[in-house]
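Student: Full structure from sequences and hints, please.
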Amino acid sequence: MRLTSETIEDVLDLVLVEAECSLDLRDVGSIDVYALLLLDLVVRHARESGAPLRVTWPESPSVRRWMTAMHFFVDVKTGLASRPAERNAAQGTRVESGGAANASERAAGSFALGASTLAPIVSIDREDDVSRLVGSFDDRLSDRYPMDESPRRRFLRILLELFQNIPQHANATGDVLDPHGIAAMHDDGHSVVLAIADKGIGLARSLRLCLGLRSGSSEQACLAQAGLEQSRLEQACLSDADALRAVVFDGRSRFRDPGRGHELERIFRLVRSWEGTVVVRSGSALLYQSEAGGDVVDVAPFPGVQIALSIPRAVFGIGEAAFGKGGVEPRGDPGFNEGNEENDA
Amino acid sequence: MKAMKKTTLEISQFGRRLGTRLEGAAARRTLLAALDDLPPDGQLVLSLRDLDVLSGSFADEAIGKICQLLSSGLHGDRTLVVASPSADLVEDLSDKLAQRKLALLCRVGGTKGTWRVLGALARPLVDTLELLNERGSATTKELADTLGIPPNACHNRVRRLVRLRLVREEKIDTAAPNTQYRFHAIVGGLTARAG
Numbered sequence: 063m064r065l066t067s068e069t070i071e072d073v074l075d076l077v078l079v080e081a082e083c084s085l086d087l088r089d090v091g092s093i094d095v096y097a098l099l100l101l102d103l104v105v106r107h108a109r110e111s112g113a114p115l116r117v118t119w120p121e122s123p124s125v126r127r128w129m130t131a132m133h134f135f136v137d138v139k140t141g142l143a144s145r146p147a148e149r150n151a152a153q154g155t156r157v158e159s160g161g162a163a164n165a166s167e168r169a170a171g172s173f174a175l176g177a178s179t180l181a182p183i184v185s186i187d188r189e190d191d192v193s194r195l196v197g198s199f200d201d202r203l204s205d206r207y208p209m210d211e212s213p214r215r216r217f218l219r220i221l222l223e224l225f226q227n228i229p230q231h232a233n234a235t236g237d238v239l240d241p242h243g244i245a246a247m248h249d250d251g252h253s254v255v256l257a258i259a260d261k262g263i264g265l266a267r268s269l270r271l272c273l274g275l276r277s278g279s280s281e282q283a284c285l286a287q288a289g290l291e292q293s294r295l296e297q298a299c300l301s302d303a304d305a306l307r308a309v310v311f312d313g314r315s316r317f318r319d320p321g322r323g324h325e326l327e328r329i330f331r332l333v334r335s336w337e338g339t340v341v342v343r344s345g346s347a348l349l350y351q352s353e354a355g356g357d358v359v360d361v362a363p364f365p366g367v368q369i370a371l372s373i374p375r376a377v378f379g380i381g382e383a384a385f386g387k388g389g390v391e392p393r394g395d396p397g398f399n400e401g402n403e404e405n406d407a
Numbered sequence: 155m156k157a158m159k160k161t162t163l164e165i166s167q168f169g170r171r172l173g174t175r176l177e178g179a180a181a182r183r184t185l186l187a188a189l190d191d192l193p194p195d196g197q198l199v200l201s202l203r204d205l206d207v208l209s210g211s212f213a214d215e216a217i218g219k220i221c222q223l224l225s226s227g228l229h230g231d232r233t234l235v236v237a238s239p240s241a242d243l244v245e246d247l248s249d250k251l252a253q254r255k256l257a258l259l260c261r262v263g264g265t266k267g268t269w270r271v272l273g274a275l276a277r278p279l280v281d282t283l284e285l286l287n288e289r290g291s292a293t294t295k296e297l298a299d300t301l302g303i304p305p306n307a308c309h310n311r312v313r314r315l316v317r318l319r320l321v322r323e324e325k326i327d328t329a330a331p332n333t334q335y336r337f338h339a340i341v342g343g344l345t346a347r348a349g
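Order-wise, the sequence lines are chains A and B. Take the first sequence: its letters are residues 63 to 407, numbered as in my numbering. Take the second sequence: its letters are residues 155 to 349, numbered as in my numbering.
Simulated from the structure, these hints should not be mistaken for laboratory data. A portion of the hints provided could be inaccurate.
Partial selection, computed: residues in chain B whose CB lies under 10 Å from chain A [claimed, not checked]:
#, residue
1, Leu172
2, Gly173
3, Asp206
4, Gly210
5, Ser211
6, Phe212
7, Lys219
8, Ser240
9, Asp246
10, Lys255
Residues from chain B that keep clear of chain A, each with C-beta distances beyond 10 Å, as calculated [to be verified]:
#, residue
11, Met158
12, Lys160
13, Ala188
14, Asp191
15, Val199
16, Arg277
17, Leu279
18, Asp281
19, Lys295
20, Ala298
21, Leu301
22, Pro305
23, Ile326
Covered stretches of chain A (chain B as the covering partner; in silico rule of three or more C-beta atoms under 8 Å from a C-beta of chain B) [said to hold, decoys possible]:
#, region
24, 189 to 198
25, 208 to 220
26, 316 to 325
A virtual CB, placed ideally from N, CA and C, is assigned to each residue, including glycine.
Tutor: Dropping the structure here:
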């Protein structure tokens, strides 16, 4: 069983629609980085909702090692009571000193880190920490591979925009206890995969804020705003799917300032121009766009915004001529979990 | 017209990787102070030398909003231009200026680099700007004659360029029934290319 951006929806259906209080992940043989972040948020969300999940974690040692290397267990076990600053402190010391990881997990984490993990899970809480976090992602990527400068710079601009979206938008209403913004990066052997996720207010609620509507907006509420311009009214009435389309395809923002917005739209266009894959999930809507096409589909409602960008390694010049030219041999393992299975032997 | 005073400010003083709106807003305060230190017709040259990354959000807060202020006339005839070592460094800045329907001159490359227009500027306006930059200065009539367009149309184009602070105007005959103006390039006679 593989947990991917598609199959993680089955997990969300079980938990959020069928109200299952236990998850059996024993047979999971691989998890992609987007699914890992969603799993983290789902477990956390259930706990915060007063119905903690009983999770049986994957039995595969390679998968557990990878999850450990990604700091998953440290992040997911960080208690409800802990404040973001405490979480950052725990993550700052990495898995080796994380109280939640046992000795074997720590050893496994160190082993697996070199294989395909580009950047383990980090918390994004404060805007003034964003540049440092992006710098750490850049360092990890640049240390691993010789990269072409122009795509590297473009990728850093993507990181900067997506990372700062969390402190700027995830709790724009001020009523989310902990939006729990997290990000991680992974090399799956073909692509560099970046995942960024939070369980904040999501795109639809964010757009509604342009009218000062702080709670779920109904048609009546929209009609009550009859004096407002039509486009703003429409924005207040958007469903999750419409809000997702408005933000990703039309560049809409909750701000009236013409300089705001269009970031996700630009990122979407750039990643697609690289023949990459884009996944954006918000509320009950999911956009999956790849070479084969894409669409916005209905999914189980879950708070916040979750994004995955899969960018072919060739875009960065990774694994092309560098080795032959005396560069560094790419170390990403094809199909990371399968690759790690080899390490088990 | 006397030569304008130019001051160059290195944006790398705020860091090599400029990304967030928070950082951009802080930088804007420094840039505005530098702009206000100039004479009313002075020019701030914003150098992107030694910069690794300039995000759209930082660029909008620090540069886009200043362009907005300049075009509103709050800072007199002061102008702002950018000098960037590479074209890809200013991609997001250009997008943000286009969102604001503003434009900015940017020299890409070293001191002998090419001037480009960042942001949104319609082709006829670019043609007019290119001509004025080649000549250094001209009246509306001279520009209209060369471009082969009616003087009124040319006047509208140049007024828009003045409002965007891409060229400067000088009153040359206030005694005439209609005040006469001469328009001056702000970038030293080099050709500006859209883009």
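Student: Quick check on B:Asp206 please, does its C-beta sit within 10 Å of some C-beta on chain A?
Tutor: Because about 7 Å separates B:Asp206 from the closest Cβ in chain A, which is inside the 10 Å limit, the hint holds.
Student: Since B:Asp281 was said not to touch the interface, does its Cβ keep a gap of more than 10 Å from each Cβ of chain A?
Tutor: With a cut-off of 10 Å, B:Asp281 remains clear of chain A, as the shortest Cβ separation is near 26 Å.
Student: If I take the minimum Cβ distance from B:Lys160 to any residue of chain A, is it greater than 10 Å?
Tutor: Holds: least Cβ distance 26 Å, greater than 10 Å.
Student: Quick one: work out the minimum CB distance from B:Ala188 to chain A and report holds if it exceeds 10 Å, violated otherwise.
Tutor: Non-interface label on B:Ala188 holds, nearest chain A Cβ at 21 Å vs cutoff 10 Å.
Student: Confirm or reject the statement that B:Pro305 sits farther than 10 Å, beta carbon to beta carbon, from all of chain A.
Tutor: Consistent with the label, B:Pro305 stays out of reach of chain A, its closest Cβ about 32 Å off (over 10 Å).
Student: Min Cβ distance, B:Ser211 to chain A: is it shorter than 10 Å?
Tutor: holds, 6 Å
Student: Does B:Lys219 meet its interface restraint, that is, does its C-beta lie within less than 10 Å of any C-beta in chain A?
Tutor: holds, 7 Å
Student: Tell me if B:Phe212 is really an interface residue toward chain A, meaning its C-beta lies closer than 10 Å to one of theirs.
Tutor: Interface hint status for B:Phe212: holds (8 Å vs cutoff 10 Å).
Student: Per the stated criterion, does the least C-beta distance between B:Asp191 and chain A lie above 10 Å, as a non-interface residue requires?
Tutor: B:Asp191 is indeed farther than 10 Å from all Cβ atoms of chain A, at 25 Å.
Student: Per the stated criterion, does the least C-beta distance between B:Ile326 and chain A lie above 10 Å, as a non-interface residue requires?
Tutor: Nearest chain A Cβ is 35 Å from B:Ile326, so the label holds.
Student: Any Cβ of chain A at or closer than 10 Å to B:Met158, or is the non-interface label fine?
Tutor: With a cut-off of 10 Å, B:Met158 remains clear of chain A, as the shortest Cβ separation is near 27 Å.
Student: With a cut-off of 10 Å on the beta carbons, see whether B:Asp246 makes it to chain A.
Tutor: holds, 6 Å
The structure is consistent with each of the numbered hints, conforming to all of them.
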